[in-house]
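The whole structure should be built from the sequences, with the hints applied where relevant.
Going down the list, the sequences are from chains U and W.
Basically our numbering = 1-based index in the first sequence + 243.
Basically our numbering = 1-based index in the second sequence + 129.
Some hints here could point you the wrong way.
Stated by the list, open to error - Quick list of simulated restraints, FRET-style, between CB atoms: (1) P313(U) x E354(W): 50 to 56 Å; (2) M244(U) x K304(W): 27 to 33 Å; (3) D315(U) x E182(W): 17 to 23 Å; (4) S282(U) x E132(W): 25 to 31 Å.
To be verified - Covered by chain W, per the in silico footprint, the following chain U stretches (three or more residues, Cβ under 8 Å): (5) 330-342; (6) 367-373; (7) 395-404.
Because the hints were derived from the structure by calculation, they are not lab data.
Ideal Cβ placement from N, Cα and C applies to all residues, glycine included.
Chain by chain, the residues:
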Amino acid sequence: MATYSLTTPLTSEDTKQLKAGDTVLLNGTIFTARDAAHSRLVALIEEGKELPFDLEGSVIYFVGPTPPKPGDPIGSAGPTTSYRMDSFSPTMLKNGSKGMIGKGGRSQEVKDACVAYDGIYFGATGGAGALLGKQIKSAEVIAYPELGPEAVRKITVEDFPVTVVNDTEGNDLYQMGREQYEVKN
Amino acid sequence: MREIEFDVVVKAVRDMIMHCGTDLPQDTYDALEQAMEDEKSPVSKEVIRQLLENANIAKDEKRPLCQDTGLAVFFVNVGEEVRINGGLLRDAINQGTEQGYTDGFLRASTCEPFSRLNLKDTVGYNLPAIIHFDIVKGDKIDIEYAAKGGGSENVSRARVFPPAAGKDGIVNYVKEVISDAGGNPCPPITVGVGIGGTFEKAVISSKHALFRDLETTNPDPEMAELEERMLTEINNLGIGAMGMGGTKTALAVHIEANPCHIASLPVSVNVQCHSSRHTHITI
Ligand code: SF4
Numbered sequence: 244m245a246t247y248s249l250t251t252p253l254t255s256e257d258t259k260q261l262k263a264g265d266t267v268l269l270n271g272t273i274f275t276a277r278d279a280a281h282s283r284l285v286a287l288i289e290e291g292k293e294l295p296f297d298l299e300g301s302v303i304y305f306v307g308p309t310p311p312k313p314g315d316p317i318g319s320a321g322p323t324t325s326y327r328m329d330s331f332s333p334t335m336l337k338n339g340s341k342g343m344i345g346k347g348g349r350s351q352e353v354k355d356a357c358v359a360y361d362g363i364y365f366g367a368t369g370g371a372g373a374l375l376g377k378q379i380k381s382a383e384v385i386a387y388p389e390l391g392p393e394a395v396r397k398i399t400v401e402d403f404p405v406t407v408v409n410d411t412e413g414n415d416l417y418q419m420g421r422e423q424y425e426v427k428n
Numbered sequence: 130m131r132e133i134e135f136d137v138v139v140k141a142v143r144d145m146i147m148h149c150g151t152d153l154p155q156d157t158y159d160a161l162e163q164a165m166e167d168e169k170s171p172v173s174k175e176v177i178r179q180l181l182e183n184a185n186i187a188k189d190e191k192r193p194l195c196q197d198t199g200l201a202v203f204f205v206n207v208g209e210e211v212r213i214n215g216g217l218l219r220d221a222i223n224q225g226t227e228q229g230y231t232d233g234f235l236r237a238s239t240c241e242p243f244s245r246l247n248l249k250d251t252v253g254y255n256l257p258a259i260i261h262f263d264i265v266k267g268d269k270i271d272i273e274y275a276a277k278g279g280g281s282e283n284v285s286r287a288r289v290f291p292p293a294a295g296k297d298g299i300v301n302y303v304k305e306v307i308s309d310a311g312g313n314p315c316p317p318i319t320v321g322v323g324i325g326g327t328f329e330k331a332v333i334s335s336k337h338a339l340f341r342d343l344e345t346t347n348p349d350p351e352m353a354e355l356e357e358r359m360l361t362e363i364n365n366l367g368i369g370a371m372g373m374g375g376t377k378t379a380l381a382v383h384i385e386a387n388p389c390h391i392a393s394l395p396v397s398v399n400v401q402c403h404s405s406r407h408t409h410i411t412i
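This is the structure in structure tokens:
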């Protein structure tokens, strides 16, 4: 298990070196989107319309932050459960996105799309919202403000700690970890 | 008849909500420290270390522990000899909830079931609260509160078994629920198990079981033994912190059991994530 420091946008070269279980410190711009925003973004892709941000090499963070305290760019901001994005993520990866940050297992379709399009599914520590929020240095709503916490935000992160869960070779840390520690009776 | 001013209740509820949003209860903090020590997987150990660091940051800087600040859930025991002056107790609790979530910069997460529209501008900021009332002896009001996040609530389940299912049937069911949940409910979790009663009694008992302090053992030795057995079986699943694989999937299992109908054995499993924000006041 290695530790990497990567800056977005990510390239295939960046993602293909990563293995399930590696730690990555992410830097640069990432975009936030949850269920409601994903369904709108994927609709735009299907209609061939322009997206509110460039998908190429992008990392999408599944998060709905708390309101910021005065003077802070953002409130607490840990990951939400990712399976709710399973039906959308393959389309996002196919159209250039290279990474997703969330928590919890993904469908086989998402894992396959990671292999096909050099994508990575990163796990961030769920419930560590205060700690993760502090690594976000700026935040700006760039689409769907009416969705409140679910709006699309462009955020800048510094050394944002994530773990590689699904890599470009089809490995799954959740499965591997569980097999290793399961006690069968 | 003792009288309590409406505003006193509002303020007390507001304060407990704000406190709970940022300060992890000591029992949970201690249990996580112990789990970090016991955990065999280095990846899961690191996750738990982050959780403790997160709790320290949240407390010191008064930031919400988690961005999912939950729905507000209350169990309220109202003494027969007390009345609220100036309004209804339910309204006071809801007002305190709204103020606590607003003043604490906590997220409003209540929405309509199908339109999914947030209710903050129509019903109120993170309203309505979920309140379970009971009437008890005395002249005090006892309020237990928890902020219940969606991730762990989403994996919770209930079922009415035939009586023949017995203890083995229940243990297997609990294991199945937790196994299917994997890392989604943010382990290390606490598992509330409601056994017996009617269908809804089992569900409410499983929620209430989560309010029990983590250091306590079940006063009923039979249930205490069953809790131990379930805890071991859950930790044998290997799910680990955040599902990354490990030996500490659950911090505790808490059972609340009730007498039930001769024809049925209801069971409910309510899961609580590691961000176990719960507290308790008496007015
Ligand atoms: S399950 Fe708990 S810790 Fe995890 S995101 Fe939800 S509220 Fe936060």
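Hint by hint, here is what the structure shows:
1. P313(U) x E354(W): 50 to 56 Å: holds, 52 Å
2. M244(U) x K304(W): 27 to 33 Å: holds, 29 Å
3. D315(U) x E182(W): 17 to 23 Å: holds, 18 Å
4. S282(U) x E132(W): 25 to 31 Å: Given a distance of about 52 Å, which is not inside 25 to 31 Å, the answer is violated.
5. 330-342: violated (count 0)
6. 367-373: Holds: 6 residues of the stretch 367-373 of chain U have a Cβ under 8 Å from chain W.
7. 395-404: Violated: only 1 residues of the stretch 395-404 of chain U have a Cβ under 8 Å from chain W.
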